[in-house]
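Peer 1: Spelled out, the chains give:
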Amino acid sequence: MNTHDNDNTRDHLDRDTLLTRIIDAEASAEDWAAFRAFAADEPEVWSELAEMQRQHDVLAGGLREAIAIADSIELPVHEHESVRPVARIGAVMQNGWSWGGWLAAAALLLAFTVGLPRGVGVVGGMPGTAPGTQAAGFSLGTPEEALDRYIDLGKQSGAVVGQSPDFIVLESTPLADGGGNEVVYLRQQIERREVRDLYRLGTDELGNTVRVPVEAGKALGVGAKAF
Amino acid sequence: MTRREAMDTDATTATPGPAFGPADGTPPGLVRAAMAGDADALRTLWQDNRRWIAAVMLAAKPREADLEDLLQDVALTMVRQVHTIDDERALRGWLRQVALNTARAAGRTTTRRKGLDRERRHELARGPAGSGDAQVAQRDEADRLMQLASELPEAYRECVMLRCVRGMSYRAIASITGLAETTVETRIARGRRMLREIAQQQGKPQHNGQKQQVHA
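These protein sequences, in sequence, are chains X and W.
Numbering-wise, the first sequence is residues -11 to 215 according to my numbering.
Numbering-wise, the second sequence is residues 18 to 233 according to my numbering.
Among the hints, erroneous ones may be present.
To be verified - Derived DEER-like restraints, expressed as beta-carbon distance ranges:
(1) W:ASP150 - X:GLU18: 36 to 44 Å
(2) X:LEU163 - W:ARG106: 22 to 30 Å
(3) W:ALA56 - X:THR130: 29 to 37 Å
(4) X:ARG42 - W:ASP103: 28 to 36 Å
(5) W:PRO79 - X:ARG188: 27 to 35 Å
(6) X:ASP192 - W:GLY54: 38 to 46 Å
(7) X:ARG184 - W:ASP150: 55 to 63 Å
(8) X:VAL171 - W:ARG60: 47 to 55 Å
(9) W:ASP157 - X:ASP29: 45 to 53 Å
(10) X:TYR187 - W:ASP103: 25 to 33 Å
(11) W:GLN98 - X:LEU158: 46 to 54 Å
(12) W:GLY124 - X:SER16: 36 to 44 Å
I should point out that these hints are in silico values taken from the structure, not numbers from a laboratory.
Cβ atoms here follow ideal geometry from the backbone N, Cα and C, with glycine treated the same way.
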């Protein structure tokens, strides 16, 4: 691209720097003196300066038009509130649950967002929680009892519709004695809520999961991920 | 040595960019507040920096990628990831890297067109179209120079384009790119020289809008 030979490179570099300083209004008195010295030997440098100045002005005008669209882009600060809890949940999952991943994060996100039905503590079903915990004024002997109690109370209040009959197997490991399997599974409860600010999970163009507000009065399709 | 540094033949001394502060008009503590999650501080910082971010992306993105889409991606990343920065002096460099990564990633994904509404907004951003021959010719030349500038080597292209953003001094460009001010100046000088040579080789429009082919 550079058509000048090596012997002239240094001269052209100095001249280019001087031209650039003048164009950018950064030239000192010494720079101007040096430029005039150039111009005394090569008067065409004045027209070169004029042409480069004009070229810069035209380019700057074009670029400013092109980037003016930036002024219409506002920061999606509403994203901020949803980011931090998810980040915290992610840290908890890494420390606590081996298969937590998106599933556990989704479950906890629900708990953070809509809360659990009144009178039901999160006990028995979480790793590291001993059975028989006293919660909300009644005794929960086993996780199954707690779950049954949750379903009963939920149905009474209308917050729980029922329990899905299908258990989804996440992991199955043969027992050491060969007599069966240890099964990790997903059991789904069907709940009902009135939600004023509903979001569905979407994906941006970089593949990141983002939440997208659902228009008020518009129904979500069956199977949509929402929170 | 990075690829960018390897492209340089001038004396490049990378220096950490100065912290945001009174020197560039950013109130003290604003960056820290933004990094801590203050929504107003985040919004202010975005508004103060989005134009040069757009210029960086314009210099790095493939031609077919939509600048508006890419800017929205950078804005989203800023909101979601700004808290991961542990040094306020690193913010500008981090924003530039996010912009570069986003622009380069655009070359690997399909850009969706969003119809006439998008085109209309772009037209509005450009302002009222000139009706005279001189205005049309100037706009044509601006488009041509933008295209030629996009063919400059990346290291020169970014500095030349950043200098076209209002208020972007050599110092401000140095703080964004992490280069020494003297290196920024040299790159702008060389980039302009290259641009002039390319323009001369490819012909330039005369006042009547006709192109004059120049043979080397």
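Peer 1: Work down the list of hints and note, for each, if the structure agrees.
Peer 2: These are the hints, each one checked on the structure:
1. Separated by about 43 Å at the C-beta atoms, ASP150 of chain W and GLU18 of chain X satisfy the suggested range of 36 to 44 Å.
2. At roughly 57 Å, the beta-carbon separation of LEU163 of chain X and ARG106 of chain W lies outside the given 22 to 30 Å, and the hint is violated.
3. For ALA56 of chain W and THR130 of chain X, the hinted distance range of 29 to 37 Å is not satisfied, since their beta carbons lie about 45 Å from each other.
4. Between ARG42 of chain X and ASP103 of chain W the beta carbons are some 45 Å apart, a value that contradicts the proposed interval 28 to 36 Å.
5. Under the hint 27 to 35 Å, the C-beta atoms of PRO79 of chain W and ARG188 of chain X, about 31 Å apart, fit the expected range.
6. At roughly 20 Å, the beta carbons of ASP192 of chain X and GLY54 of chain W sit outside the given window of 38 to 46 Å.
7. Remark: the range hint 55 to 63 Å for ARG184 of chain X to ASP150 of chain W is upheld by a beta-carbon distance near 58 Å.
8. Under the hint 47 to 55 Å, the C-beta atoms of VAL171 of chain X and ARG60 of chain W, about 50 Å apart, fit the expected range.
9. Checked against the hint of 45 to 53 Å, the C-beta distance between ASP157 of chain W and ASP29 of chain X comes to roughly 36 Å, which is inconsistent with it.
10. For the pair TYR187 of chain X and ASP103 of chain W, the beta carbons lie near 30 Å from each other, so the given range of 25 to 33 Å is met.
11. Our hint of 46 to 54 Å for GLN98 of chain W and LEU158 of chain X is violated, since their Cβ atoms are close to 30 Å apart.
12. Checked against the hint of 36 to 44 Å, the C-beta distance between GLY124 of chain W and SER16 of chain X comes to roughly 42 Å, which is consistent with it.
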